[in-house]
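Undergrad: Sequence:
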Amino acid sequence: VLENNSSEDTFYNSFYLFPAVYGTALVFGLFGNLFALYVFTFRVTAHTSSIIFVVNLALADTAFLCTLPFRIHYHVNSNDWVFGDLACRITGTLFFANIYISIAFLTCICIDRYIATVHPHTYLRLQRTRWSRLVSLAVWLVTGAAAVAFIVAGPLESDPGSRQVGQRSCFENFSEHEWSTRMVLYSVCSFVFGSLVPFVIIMVCYPVVARRIARIHTATSRRALRIICAILTITVICFLPYHVVHLLHLLMRRGIIQHCAYVTAIYQARRVTVALVSLNSCLDPVLYYFTTGYWMNLGSLQSTSSLTTACLGSHGSLQHHRYYLNA
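Using the working numbering, read the sequence shown as starting at 131 and increasing by one per residue.
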């Protein structure tokens, strides 16, 4: 998935950039996600659809964060993997699978908020916790099956010319044979179903929800609008650069992009965007805070009642208000 430029600048970028960013994500992300799991498990009694999705997102982030110590050691150790091939395949697959699991659950939260805001009566008719649990299970089954298939397919062949004698690469420097077989299939499928489709849904749903809330001219509704804009901004900052560069990288590996300057720029941008996307794990707790409203007042879910009233105004029944509050 990662590629290595043979230049000295690329080595130093890898040596300093990844350990620094991964270390930051590990410290803040582990605290934020474990605290979120504690809150949702022991402090929140109403396990609604939004909470179910963010709990699954926190679980995925925690699994991802457990791979970072191995990646940090790898880059500090001059990009030499010492933990064996199976550990490389498992940790590398978990690392990159988290990107698409996170996007999947963020998309689920987006759809959930869209239905609750734009189609409230339909939302009331849904068995919310039931469908959210089924959707969450489907996400784990699909991504899990893809990950297991990738792991059991065998060792990933590296390009011998991209490393020193005795140096063992892990999830980078793939050979041309790998890129002409399973890597191109996984790259195309992950780009279409793991990034393109979810981004279209997010970019359509969130603006519609924002316009709906913007019609209600209260301080609380303006705050809700800012929250939605913040969620959209964080999603775009974390994931959009990675997937744009991922597409360019795929085109380069297939020989469509061959200009030397472009190839060098893609190599460098690839490393920066992979480091950037890892920060999603420490920004997701902010999304939990905004999405559930629970952390505004850790003692009670009643803190969301003013937001509920502002969002709904006179457009829903009392029952509608209650369901939206607990959504």
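The set of hints was computed from the structure by calculation and includes no laboratory data. A portion of the hints provided could be inaccurate.
Simulated restraints on C-beta separations [said to hold, decoys possible]: (1) 371 to 153: 14 to 24 Å; (2) 278 to 371: 41 to 51 Å; (3) 398 to 337: 31 to 41 Å; (4) 399 to 326: 28 to 38 Å.
Think of the CB as a built atom: it goes at the ideal place given N, C-alpha and C, for glycine as much as any other residue.
Undergrad: Does each hint hold? Answer for all of them.
TA: Each hint, compared with the structure:
1. At about 21 Å, the CB distance of residue 371 to residue 153 agrees with the hint of 14 to 24 Å.
2. A hinted range of 41 to 51 Å for the beta carbons of residue 278 and residue 371 is inconsistent with their spacing of about 29 Å.
3. Under the hint 31 to 41 Å, the C-beta atoms of residue 398 and residue 337, about 33 Å apart, fit the expected range.
4. At roughly 19 Å, the beta-carbon separation of residue 399 and residue 326 lies outside the given 28 to 38 Å, and the hint is violated.
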